[in-house]
Amino acid sequence: MTLTFLNIFIAVVIAIAFVAANAAYLVWCERKGAGFIQRRPGPTENGLWGLLQPPVDGIKLMTKQLMIPGGVDKIVFIIAPVLAMFPTIISFVTIPFSDQIVAHNMNIGLLMIFVFGSMSAMALLMAGWSSRNKFAMISSVRAVSQAVAYEIPMLVTTITVVMIAGSMDLMEIVHKQGGGFWHWNIWPLQNGLFNVLMPFSFLIFFICSLAETNRAPFDLGEAESELVAGYHTEYSSMGFGLFFMGEYANIVIGACLTTILFLGGWDCPFGLFPGVWWFLLKIYFLIFTFIWIRWTFPRTTIYSLLNLSWKVLIPISLFNLLLTAGLLKVF
Amino acid sequence: MGTENIPSALVQFASADKLINLGRANSLWPLTFGIACCAIEMMAAGCARFDLARFGAEVFRPSPRQSDVMIVAGTISKKMAPGIKTLYDQMPEPKWVIAMGNCAISGGPFVFEGQYGIIEGADQFLPVDIYIPGCPPRPEALIEGIIELEYKITGWRRWPKVTAE
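First to last, the protein sequences are chains A and B.
In terms of numbering that gives the first Met the number 0, the first sequence has 76 at position 77, counting the first letter as 1, and numbering is strictly consecutive.
In terms of numbering that gives the first Met the number 0, the second sequence has 136 at position 137, counting the first letter as 1, and numbering is strictly consecutive.
In short, the hints are calculated from the structure, not lab data.
Treat the numbers as computed from the prediction; the structure is a model and nothing was measured.
One thing to keep in mind: the hints can contain errors.
Under the rule of at most 27 Å between Cα atoms (straight-line distance), these lysine-lysine pairs were calculated in the DSS-like manner [unchecked claim]:
id: 1; chain 1: A; residue 1: K73; chain 2: A; residue 2: K133
id: 2; chain 1: B; residue 1: K160; chain 2: B; residue 2: K17
id: 3; chain 1: B; residue 1: K78; chain 2: A; residue 2: K133
id: 4; chain 1: B; residue 1: K94; chain 2: A; residue 2: K133
id: 5; chain 1: B; residue 1: K94; chain 2: B; residue 2: K151
id: 6; chain 1: B; residue 1: K94; chain 2: A; residue 2: K73
id: 7; chain 1: B; residue 1: K84; chain 2: B; residue 2: K94
id: 8; chain 1: B; residue 1: K94; chain 2: B; residue 2: K160
id: 9; chain 1: A; residue 1: K175; chain 2: A; residue 2: K328
id: 10; chain 1: A; residue 1: K133; chain 2: B; residue 2: K84
id: 11; chain 1: A; residue 1: K73; chain 2: B; residue 2: K84
id: 12; chain 1: B; residue 1: K94; chain 2: B; residue 2: K17
id: 13; chain 1: B; residue 1: K84; chain 2: B; residue 2: K151
id: 14; chain 1: B; residue 1: K78; chain 2: B; residue 2: K94
id: 15; chain 1: B; residue 1: K17; chain 2: B; residue 2: K151
Sample of chain A residues facing chain B (criterion: CB under 10 Å; computed from the structure) [said to hold, decoys possible]:
id: 16; residue: R38
id: 17; residue: E44
id: 18; residue: Q52
id: 19; residue: G57
id: 20; residue: L226
id: 21; residue: E233
id: 22; residue: S236
Every residue, glycine too, gets a C-beta built ideally from N, C-alpha and C.
Bound-form chain B, shown alone (with noise of 0.2 Å):
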């Protein structure tokens, strides 16, 4: 992450650009969806025990037309996909997509010969940002997600990371 090539406007405006990327990677205001068990480990990240909203990141919007970034929280059934891609549809522009836990990373558990509901992983359909491993994954994984996609919007880490020892 954080190697893409951004190609270059015309017209620059450094300074006002940082600033634009600083506020939108501190306020990303997810949409409250949620699909499966993952989305009982995003409550428990938008609770007491490790609180979202220390990054401003807890104002779940309920309408897609006002939040920044889609948390995609569980399987994603065949039914269900048409559905989720509405709602990315509505997303105004900036937007991002966070795939979390392996079933919307890759299908997870669902994946076996002649399975027929499942749509294996979110970047089937949508151009998803930021991957958190996990069945589910923990909420402290949600959180380096979220700093994860601050990095990917500014290019400046708000902690050093922190590798396993």
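So here's chain A without its partners, still in its complex pose (with noise of 0.2 Å):
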């Protein structure tokens, strides 16, 4: 693939409504499956099924005064949301959702995701450091504690599967895993291998994903029974338009990310039509399950959110790394 300005160009614009799109409708989604799961009907009034509430909330939240306090650093401030949401975009330039459909692979992808991803957390820290609000520090401090907690079991559980892969292309570790079901890496039986720690690693690699976004049951950033509306409290308009779009393209980019490394991405679980529906599928039963489990679980406190890191998910995905170093030498 010859890589001209124009390449680049169409895959930034793609990428950019790609994200933009999702998270637009992945608020509906969420509105929608919290009333399916509350027993009530949801967002109906407004176009067919309330498909026209995310524009009808776009213009609402671009039209609204766009307010900075008093007192506020302002540049970080402005550039807090910005931050939030451009390293998203980034990191799907070099999601592949097929073998053809990727913006720009890289031999080092995973690295390059995980390295925008960790200044998403920066965006978090300098939006509660800049509001001049003691309830947006707090939130801040809580994110930033959380995200440094949760990067480690992560990251850990990402090298296991590098180590299976033998690389940190995406392309590379998708193909490592073709051939149906049973290849791939959530199971088990691959490549010979029988590390019965594989299942737990998709789990821990999950639960980590929902925190690192900063949902329910791990929203500690934003409780609202504590901390008013978190970090984002003294944003107004699309400056908070912009963190919440930030968070569903998280959400997004961790289901691509536990596609990829634990469900065998595009591959088809019965070796038929293998292409980017499948990805798709995937990645939008993970969002699912994203949303199952924020309108059903309630919130944790933060010392047992801390606790579980790093007394439970840090030491089984450490003994996994061990374990699967060992097979790969004995095997």
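Work from the hints to combine the two standalone chains into their complex.
Structure follows, in structure tokens:
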């Protein structure tokens, strides 16, 4: 693939369109899903099944007064929402949707996604710090301690998968899992290894991506009963809108990564019609699980959240790393 | 309602204004904020049987910076009033106020000689757009109030008005 300027431009535009459309309509899915889980219809009046709700909300958010309260650190305050949205869009450039559909495949794609992924914690810290609001400050400290705690098991789990695949190229990782359901990394039978901890690895990765996106039951950063609205308390209009969209874009990234690393990417479970639709089916199933978990579990407390990471997830993922390394050496 | 004369702007953007007003009317995010028993009815309006979500108004935002409409649901004591005023001032434009229940309209049952602790009506210190009578009003009444506010914003009513038989 020749990488001309036009190619890059088209790829970035498609990535932005995909992220924006997903973020907008995932909000609708969330509200509709919340409705169905709580036995109510959700948005119905604005358009068919309330499908016009996201554009309507967009118009309202964009035409609302953009308020910069007195005493905030202006530059940081303005940069923070942009920084919440921008790294996720960049991450989409290297995610392979199928054999052909990838904007720019790199041999260190996984590393790039994690580098940009850790920038979103920075955005939360900047937002909370610059807001000059004690609730926002506490919330951002929580969010960052949570991001640090959950990035470790996530990365250790990822290293396990990278060791099995022998590459950080996302295409390569998916190709290694090709050949049907039982070859996916979620199952212990992969490549003749009998690593029984692999399903737990998948669970750890999924829990970590849940925590990394600050979603319930780990939404300590925006715990409404304690911290008003969390780090975006002082943001009105589209500043808040960008944080909101960034959260949903992060969910999509988390689902994409889980699919690529553990569920075989665009590989079909029974060898029929491999293609982009299987990838989309898998990521939307995972996204549905995100929404399902959010509306059925209560919020944890901050210390049980950190205990879960440091005392359970990190030891298991480290043990799994050692076990996988040993098995790779022996077989 | 709907009879105010809105002064015409020098430059007119008729279609854009209509679109923006439709957008604003159909995503009225209330402030999470309840003072007394009317708030219980407000919660009921958000729950399964009545469901404010149908009109896109179920997003109760905890921060005043992100909310569009303040539903004053309950008795306003003199100690509470400065807090409510601060919250109203913190909301960015455009913003609306709904006075829900008799206490927020006029003081309700608390109006008597020598009472010293209750503000007699939210319109004593806030520009109220919609009054919803009742003690407390039923959730249907709150939904009707939201639809009336939509009518006030767009000049177009979602459903024809139902009169008492």
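List of violated hint numbers, smallest to largest | none
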